[in-house]
Amino acid sequence: MPRLDPRRLARLVERFREVRLLVVGDLFLDEYWFGEVDRVSPEAPVPVVHVAEEATALGGAGNVVRNVVALGGQCAFCAVIGNDAAGRRAVDLLKDLGVDPAGLVPVKDRPTARKTRVVARSRQVVRFAQQVVRIDRETTAPIASDASKRLLRAVQAALPGCDAVVLEDYDKGLFSPGLLRSAMKLFRGAKAFVAVDPKRQIAPYRGAALLKPNLPELEVLSGVEVRSRADLVRAVARVRRTLGDAQVVVTRGPDGMTVFDGAGPGTDVHTAAREVFDVQGAGDTTIAALVLALRAGATLLEAAVIANAAAGVVVGKAGTATASPAELRSLLPAAIEAART
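Quick note: the sequence shown uses this note's numbering, first residue 11, plus one each step.
One should not assume that every hint holds.
As the list claims (entries may be wrong) - Within a straight-line C-alpha distance of at most 30 Å, the following computed BS3-like cross-link-like pairs (lysine-lysine) qualify:
(1) Lys201 with Lys118
(2) Lys125 with Lys159
(3) Lys118 with Lys195
(4) Lys159 with Lys201
(5) Lys105 with Lys125
(6) Lys209 with Lys327
(7) Lys195 with Lys327
(8) Lys159 with Lys195
(9) Lys209 with Lys118
(10) Lys125 with Lys327
(11) Lys195 with Lys209
(12) Lys125 with Lys209
(13) Lys118 with Lys105
(14) Lys209 with Lys159
(15) Lys105 with Lys327
(16) Lys159 with Lys118
(17) Lys201 with Lys105
What the hints assert, rightly or not - Each pair of labels, with its calculated beta carbon distance range:
(18) Pro116 with Ala200: 18 to 28 Å
(19) Val143 with Asp119: 25 to 35 Å
(20) Val101 with Gly233: 38 to 48 Å
Derived from the structure by calculation, the hints contain no laboratory data. Here the structure is a predicted model, which is why all the values come from computation and not from measurement. Where a beta carbon is used, it is the ideal one built from N, C-alpha and C, also for glycine.
Please build the complete structure, drawing on both the sequences and the hints.
Rendered as structure tokens:
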């Protein structure tokens with residue numbers, strides 16, 4: 011493995027503030043109801059949660075934006091929202107981050123996606139909290155042609171001055187093949203670095219520079235069941251042929267990542283052992299840190315180590331959390347040591 015210099019990686023994190031990303035993708039509004047449980051309902055065998063606190067945050071592609079800003083980068087954001095209270099709340103939350111909401115395209119008769127999580131702890135076991143239920147209010151129908159055209163115009167307006175584009179696909183109807191073909195043509199014309207966090211489709215992303223699937227997504231995208239290293243290499247080779255030889259980072263949960271910078275068996279980048287509180291949103295943190303690091307001048311290996319450290323920060327927090335540059339730097343030594351093993 012090439013030498014990893016802690017001082018160089020710390021300098022790369024400092025350069026995040028010089029990088030501007032354009033994030034395009036499915037936006038959710040994450041809602042949290044926090045409370046305590048001290049009894050079971052007499053109406054059904056379910057816990058009664060006494061809600062004490064409520065909070066909202068940008069989720070989905072919006073959480074990538076949150077992580078870019080928290081890590082010190084600059085960001086533009088394009089997505090669709092509903093003409094509803096949740097959409098207006100998303101605009102306000104984006105303004106709170108210092109991000110221009112001009113790229114949010116309101117769509118009539120399409121609700122803003124909302125994910126409401128009830129998180130409760132027992133009064134008898136105060137240290138531990140758990141998610142009791144999640145309530146999803148969304149549509150996965152493809153967005154209408156008019157909305158696609160308006161979104162594409164918003165992307166075209168936001169692109170100048172951006173160092174890279176992150177396409178965050180949650181398979182919620184935003185990325186139709188037609189929209190993606192038009193967007194990728196636009197990005198090619200601008201010679202933009204395009205990173206993709208995919209879900210179920212890959213062909214329309216041809217020409218992208220970076221693909222970041224997790225293992226289940228890689229299996230769907232490649233059609234290869236990954237049960238061995240040879241399977242992994244074959245699956246990645248197949249998606250790289252479809253994309254046109256992109257760099258590929260396969261995230262593997264507690265096992266870290268495997269990075270493919272060209273043909274070959276790839277390089278495992280292990281992650282440091284951490285007490286995990288919540289893995290929610292860790293993938294969003296990973297793609298944000300990966301692309302910021304690459305555009306700051308990191309090699310793919312260095313970017314993977316930095317992204318592992320950033321993900322290590324957020325899994326130790328509750329909900330869709332973010333990592334600050336200081337928190338990231340504090341975990342870099344452990345991430346470097348894990349990568350060397």
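Verification of the hints:
1. Between Lys201 and Lys118 the alpha-carbon distance is near 33 Å, which puts this suggested pair outside the 30 Å criterion.
2. At most 30 Å may separate the alpha-carbon atoms for a hinted pair to count; Lys125 and Lys159 meet this at roughly 27 Å.
3. Restraint check for Lys118 and Lys195: the C-alpha separation of about 27 Å stays at or below 30 Å, so the hint holds.
4. For the hint linking Lys159 to Lys201, the alpha-carbon distance of about 21 Å falls within 30 Å, and the restraint holds.
5. Straight-line distance between C-alpha atoms of Lys105 and Lys125 comes to about 21 Å, which keeps the hinted pair within the 30 Å bound.
6. As the CA atoms of Lys209 and Lys327 are separated by approximately 25 Å, the hinted pair is consistent with the 30 Å bound.
7. Among the hinted pairs, Lys195 with Lys327 is inconsistent with the structure: their alpha-carbon atoms are about 39 Å apart, more than 30 Å.
8. Between the alpha carbons of Lys159 and Lys195 the distance comes to roughly 14 Å, so the proposed pair stays at or under 30 Å and holds.
9. Annotation: proposed proximity of Lys209 to Lys118 holds, straight-line Cα distance about 26 Å (limit 30 Å).
10. Restraint check for Lys125 and Lys327: the C-alpha separation of about 18 Å stays at or below 30 Å, so the hint holds.
11. Taking the CA atoms of Lys195 and Lys209, the gap is near 21 Å; set against the 30 Å cutoff, the hint holds.
12. Restraint check for Lys125 and Lys209: satisfied, since their Cα atoms lie roughly 19 Å apart, inside the 30 Å limit.
13. Taking the CA atoms of Lys118 and Lys105, the gap is about 22 Å. The hint holds against a cut of 30 Å.
14. Pair hint Lys209 plus Lys159 holds up; C-alpha atoms about 22 Å apart against a cutoff of 30 Å.
15. For a cut-off of 30 Å, the pair hint linking Lys105 to Lys327 stands: about 24 Å separates their Cα positions.
16. Pair hint Lys159 plus Lys118 holds up; C-alpha atoms about 14 Å apart against a cutoff of 30 Å.
17. For the suggested pair Lys201 and Lys105, the alpha carbons sit about 29 Å apart, so the restraint of at most 30 Å is met.
18. In this structure, Pro116 and Ala200 meet the distance hint of 18 to 28 Å, their C-beta atoms being roughly 26 Å apart.
19. Range check, Val143 to Asp119: about 27 Å between beta-carbon atoms, so the 25 to 35 Å window is met.
20. At about 40 Å, the beta-carbon gap between Val101 and Gly233 stays in the expected band of 38 to 48 Å.
The earlier numbered hints that this structure contradicts are 1, 7.
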